[in-house]
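Can you build the whole structure from these sequences, using the hints too?
Which chain is which? The protein sequence lines are A and B, in order. Positions in the first sequence are counted from 1; adding 193 to them yields this note's numbering. Positions in the second sequence are counted from 1; adding 193 to them yields this note's numbering.
In case anyone wonders, no lab produced these hints; they're calculated from the structure. Glycine included, C-beta positions come from ideal geometry on N, C-alpha and C. Treat the hints loosely; a few may be bogus.
Just some of the chain A residues that point at chain B, by a computed CB distance under 10 Å [unchecked claim]:
no. : residue
1   : Arg207
2   : Ser209
3   : Ser253
4   : Glu257
5   : Leu279
6   : Ala309
7   : Ala316
8   : Met317
9   : Ser319
10  : Met467
11  : Arg478
12  : Leu481
13  : Ala505
14  : Arg535
15  : Pro551
16  : Gly603
Heads up, simulated SDA-like pairs for lysine to any residue below, C-alpha to C-alpha not over 20 Å straight-line [to be verified]:
no. : chain 1 : residue 1 : chain 2 : residue 2
17  : A       : Lys242    : A       : Ser296
18  : A       : Lys242    : B       : Arg478
19  : A       : Lys378    : B       : Val545
20  : A       : Lys378    : A       : Glu262
21  : A       : Lys378    : B       : Thr544
22  : B       : Lys378    : B       : Asp284
23  : A       : Lys302    : B       : Met467
24  : B       : Lys302    : A       : Glu474
25  : A       : Lys378    : B       : Gly208
26  : A       : Lys378    : B       : Leu546
Number of protein chains: 2
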Amino acid sequence: MLPSGLRVVTERMRGSHTFNLGFFAAVGSRWETPRLHGASHFLEHVLFKGTRRRTPEQISAAIESVGGELNAYTAKEHTCFYTRVLARDADLAVDVLADMITSSTMPAKEIESERAVILDEIAMHSDDPGETAHELITGELLGGGLDKPVIGSPRSIRELTRTQILGYWKRRYRPERLVISATGKVDHDRLVAQLSDYEALAAVRPTGASNGAANGSARPAGRPPSPVTGEPVVLTRSRRFEQSTAVLAGPGPGLFDDDRFPIGLLSIIVGGGMASRLFVEVRERRGLAYGIEAGETSYSDAGLWSVDWQCAPDRVAEILTLVRQCLADLAEHGVTAEELRRAKGQLAGQTVLSFEGPQSRMSRLGTAELHGDPRSVADLLTGYDAVTAEDVRRVAADLLAQRQVLAVVGPSTALRPLRRALTA
Amino acid sequence: MLPSGLRVVTERMRGSHTFNLGFFAAVGSRWETPRLHGASHFLEHVLFKGTRRRTPEQISAAIESVGGELNAYTAKEHTCFYTRVLARDADLAVDVLADMITSSTMPAKEIESERAVILDEIAMHSDDPGETAHELITGELLGGGLDKPVIGSPRSIRELTRTQILGYWKRRYRPERLVISATGKVDHDRLVAQLSDYEALAAVRPTGASNGAANGSARPAGRPPSPVTGEPVVLTRSRRFEQSTAVLAGPGPGLFDDDRFPIGLLSIIVGGGMASRLFVEVRERRGLAYGIEAGETSYSDAGLWSVDWQCAPDRVAEILTLVRQCLADLAEHGVTAEELRRAKGQLAGQTVLSFEGPQSRMSRLGTAELHGDPRSVADLLTGYDAVTAEDVRRVAADLLAQRQVLAVVGPSTALRPLRRALTA
Numbered sequence: 194m195l196p197s198g199l200r201v202v203t204e205r206m207r208g209s210h211t212f213n214l215g216f217f218a219a220v221g222s223r224w225e226t227p228r229l230h231g232a233s234h235f236l237e238h239v240l241f242k243g244t245r246r247r248t249p250e251q252i253s254a255a256i257e258s259v260g261g262e263l264n265a266y267t268a269k270e271h272t273c274f275y276t277r278v279l280a281r282d283a284d285l286a287v288d289v290l291a292d293m294i295t296s297s298t299m300p301a302k303e304i305e306s307e308r309a310v311i312l313d314e315i316a317m318h319s320d321d322p323g324e325t326a327h328e329l330i331t332g333e334l335l336g337g338g339l340d341k342p343v344i345g346s347p348r349s350i351r352e353l354t355r356t357q358i359l360g361y362w363k364r365r366y367r368p369e370r371l372v373i374s375a376t377g378k379v380d381h382d383r384l385v386a387q388l389s390d391y392e393a394l395a396a397v398r399p400t401g402a403s404n405g406a407a408n409g410s411a412r413p414a415g416r417p418p419s420p421v422t423g424e425p426v427v428l429t430r431s432r433r434f435e436q437s438t439a440v441l442a443g444p445g446p447g448l449f450d451d452d453r454f455p456i457g458l459l460s461i462i463v464g465g466g467m468a469s470r471l472f473v474e475v476r477e478r479r480g481l482a483y484g485i486e487a488g489e490t491s492y493s494d495a496g497l498w499s500v501d502w503q504c505a506p507d508r509v510a511e512i513l514t515l516v517r518q519c520l521a522d523l524a525e526h527g528v529t530a531e532e533l534r535r536a537k538g539q540l541a542g543q544t545v546l547s548f549e550g551p552q553s554r555m556s557r558l559g560t561a562e563l564h565g566d567p568r569s570v571a572d573l574l575t576g577y578d579a580v581t582a583e584d585v586r587r588v589a590a591d592l593l594a595q596r597q598v599l600a601v602v603g604p605s606t607a608l609r610p611l612r613r614a615l616t617a
Numbered sequence: 194m195l196p197s198g199l200r201v202v203t204e205r206m207r208g209s210h211t212f213n214l215g216f217f218a219a220v221g222s223r224w225e226t227p228r229l230h231g232a233s234h235f236l237e238h239v240l241f242k243g244t245r246r247r248t249p250e251q252i253s254a255a256i257e258s259v260g261g262e263l264n265a266y267t268a269k270e271h272t273c274f275y276t277r278v279l280a281r282d283a284d285l286a287v288d289v290l291a292d293m294i295t296s297s298t299m300p301a302k303e304i305e306s307e308r309a310v311i312l313d314e315i316a317m318h319s320d321d322p323g324e325t326a327h328e329l330i331t332g333e334l335l336g337g338g339l340d341k342p343v344i345g346s347p348r349s350i351r352e353l354t355r356t357q358i359l360g361y362w363k364r365r366y367r368p369e370r371l372v373i374s375a376t377g378k379v380d381h382d383r384l385v386a387q388l389s390d391y392e393a394l395a396a397v398r399p400t401g402a403s404n405g406a407a408n409g410s411a412r413p414a415g416r417p418p419s420p421v422t423g424e425p426v427v428l429t430r431s432r433r434f435e436q437s438t439a440v441l442a443g444p445g446p447g448l449f450d451d452d453r454f455p456i457g458l459l460s461i462i463v464g465g466g467m468a469s470r471l472f473v474e475v476r477e478r479r480g481l482a483y484g485i486e487a488g489e490t491s492y493s494d495a496g497l498w499s500v501d502w503q504c505a506p507d508r509v510a511e512i513l514t515l516v517r518q519c520l521a522d523l524a525e526h527g528v529t530a531e532e533l534r535r536a537k538g539q540l541a542g543q544t545v546l547s548f549e550g551p552q553s554r555m556s557r558l559g560t561a562e563l564h565g566d567p568r569s570v571a572d573l574l575t576g577y578d579a580v581t582a583e584d585v586r587r588v589a590a591d592l593l594a595q596r597q598v599l600a601v602v603g604p605s606t607a608l609r610p611l612r613r614a615l616t617a
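The structure is reproduced here in structure tokens:
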């Protein structure tokens with residue numbers, strides 16, 4: 194950590210010829226006020242639009258001309274800028290990202306053209322049935338600012354001013370809210386020395402009136418992030434597709450909730466691949482859908498558990514019934530020892546395989562540090578390994594007893610069979 | 194190579210803990226007769242549905258329970274089955290793939306349920322605007338069997354019988370049409386010895402009446418794969434999206450066409466990332482679209498060159514005009530030395546970065562061997578490096594002079610402005 198509060202985490206990887214760098218900021222849509230809705234994502238776009246030393250074209254060209262990748266994304270609890278280059282271009286990569294984050298000029302003309310781009314992006318999201326279904330679910334099941342779409346609304350995007358975006362940047366992109374993560378062929382000391390040359394990253398600044406704690410873990414007051422009880426509800430959006438996209442969801446574990454371990458294994462057993470109970474029943478035995486899968490989305494203090502599928506419009510209710518029967522069977526009879534053993538093996542292997550690449554390790558290192566998660570990958574594996582069959586049965590019963598929401602995006606269909614299948 | 198004609202290619206990679214395996218077959222939609230249209234892809238699905246030693250669930254569970262991935266895809270000129278596991282599970286991975294390919298039982302019931310799944314998959318493709326636009330382009334610009342969708346038609350899928358699929362498998366999955374590729378922590382001799390235990394892979398079989406040459410490079414008679422002249426044409430499919438998806442395309446280089454080198458660099462200069470001419474003009478300067486990119490799709494003896502974008506429906510013609518102006522400017526004035534230098538650096542870096550991972554190397558090794566491509570990645574880089582500014586100018590002029598097709602998928606719009614922009 195630098196005296197400014199900037200945190201730097203690295204891992205040197207044997208055999209790697211690449212330098213993988215991420216700047217993670219504790220800036221996301223969850224902490225935006227209504228007037229600033231979409232500001233985190235808008236700002237992420239604007240930071241590509243020129244610095245005191247580089248035009249927008251020069252920012253892109255710097256990394257692209259050495260064949261590297263440069264990109265960014267905004268989430269509900271953080272924003273990430275990342276790049277991947279050959280190791281010989283590491284200094285360049287650090288300079289480009291540090292320059293973007295610390296010395297943007299935010300030209301008014303660029304902000305206007307980016308506003309149009311983001312309005313198009315909102316329209317693209319609306320054309321995507323999976324994203325539309327998940328936004329319906331999230332809006333209904335989560336609270337505490339997690340319910341809002343990251344991208345903002347057409348209205349908030351039209352109304353955000355340059356002054357607002359500039360102020361948001363100055364207030365939020367402070368060194369104590371930033372984590373810099375690098376993996377591959379990386380030299381930690383050289384990286385820290387290079388970062389120390391950027392005054393805005395290295396200098397200790399007085400803490401002004403803060404919108405939340407330094408590490409971004411502030412929780413706004415308001416309704417609890419994830420109410421677990423309430424009426425089941427069916428949400429639909431009519432779209433002229435041939436297939437329907439359906440998501441059944443309920444409250445799920447947060448990042449630090451110990452139930453994430455049994456729920457993670459439950460997801461694998463229910464819908465984690467081609468040998469899972471639902472895939473076998475819905476696709477293999479009955480040919481009702483091309484695929485079906487279960488999984489969790491976790492935030493620092495709340496989460497969702499969901500089952501997703503696409504099918505012919507007249508089969509949504511039938512598949513929903515099979516999903517709920519699958520949960521009911523697990524809640525009553527639990528899992529077999531063999532199923533649990535296999536799910537643990539699957540999860541352990543997946544975890545090791547997914548962290549072989551330097552990019553995924555860079556991302557894990559950065560987000561874990563940002564969220565104050567001290568657990569290593571090995572700790573997580575230990576957590577999964579300790580789960581018993583009874584733990585899995587219990588969380589299946591909990592999920593079944595808690596509030597469930599069904600979102601369906603596709604051709605209009607009768608709601609009554611869906612409501613009946615959801616409450617049967 | 195085994196006496197049977199089976200080819201085995203491997204690369205041991207330092208620092209890797211994984212075993213990455215692919216079975217590549219010279220079997221694809223291009224060589225299907227009308228009655229067998231979609232048989233390659235249907236067969237790929239069916240080979241997951243049980244062998245003499247494993248039920249469908251056991252096939253999936255074998256790899257999933259060690260956390261590995263098992264998947265497959267079918268293309269126009271080949272089919273690939275691949276898996277990725279921890280190195281300690283290598284023998285298991287080889288056995289699962291070899292078993293699937295050589296001793297399928299093709300249960301009639303499984304074929305029926307898979308038929309329903311594929312009909313759903315056709316509907317899903319039709320809901321995807323990018324895939325729909327590229328199918329329109331491919332159907333119009335390519336010939337020689339490359340014009341047909343890989344997946345088949347609803348009619349051909351409904352009519353394919355088990356006997357036809359079984360016969361197709363026996364005729365096509367012969368050792369001399371197969372390449373087995375493995376990378377990561379791999380032991381070549383052990384792999385070859387293990388493969389020799391499968392009689393169907395190792396035994397020399399009499400060559401029956403063949404549908405094409407042994408290595409699958411047969412070219413059916415018929416119209417040339419890629420007619421370069423003809424009227425420009427606008428193809429549309431009406432979909433109730435908010436955005437339009439547009440593709441402008443023309444004939445492009447085949448895998449062995451030396452023009453692939455200048456055309457590859459042209460694609461980068463025109464639409465290969467955020468510093469490319471079209472991205473800067475269309476998105477950065479004018480905010481007309483979220484993104485725009487150019488690229489090639491190459492087959493053994495033909496290909497396409499295309500520019501893709503998504504935008505508001507009333508902006509398609511305006512962007513099309515900018516795309517054609519960009520090509521016209523390049524055809525007349527060529528590229529600057531700096532642009533060409535940067536594009537070469539970008540392509541070289543991208544190539545090295547993209548082959549860092551063992552999976553992409555496995556795939557490159559396998560397809561290169563299957564297509565009889567003796568060039569190493571270094572050879573390809575040498576090819577790109579030799580391109581001159583005049584080469585790029587010439588291929589830009591060629592693309593502009595050749596036939597162009599515009600496909601637009603989205604809300605209905607007037608055709609006249611599109612036709613005018615396409616022929617201006």
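For each hint, the structure was consulted:
no. : hint                   : in the structure
1   : Arg207                 : holds (5 Å)
2   : Ser209                 : holds (7 Å)
3   : Ser253                 : holds (4 Å)
4   : Glu257                 : holds (5 Å)
5   : Leu279                 : holds (6 Å)
6   : Ala309                 : holds (4 Å)
7   : Ala316                 : holds (4 Å)
8   : Met317                 : holds (6 Å)
9   : Ser319                 : holds (6 Å)
10  : Met467                 : holds (4 Å)
11  : Arg478                 : holds (7 Å)
12  : Leu481                 : holds (8 Å)
13  : Ala505                 : holds (7 Å)
14  : Arg535                 : holds (4 Å)
15  : Pro551                 : holds (8 Å)
16  : Gly603                 : holds (9 Å)
17  : Lys242(A) to Ser296(A) : holds (11 Å)
18  : Lys242(A) to Arg478(B) : holds (11 Å)
19  : Lys378(A) to Val545(B) : holds (15 Å)
20  : Lys378(A) to Glu262(A) : holds (16 Å)
21  : Lys378(A) to Thr544(B) : holds (18 Å)
22  : Lys378(B) to Asp284(B) : holds (12 Å)
23  : Lys302(A) to Met467(B) : holds (18 Å)
24  : Lys302(B) to Glu474(A) : holds (14 Å)
25  : Lys378(A) to Gly208(B) : holds (13 Å)
26  : Lys378(A) to Leu546(B) : holds (13 Å)
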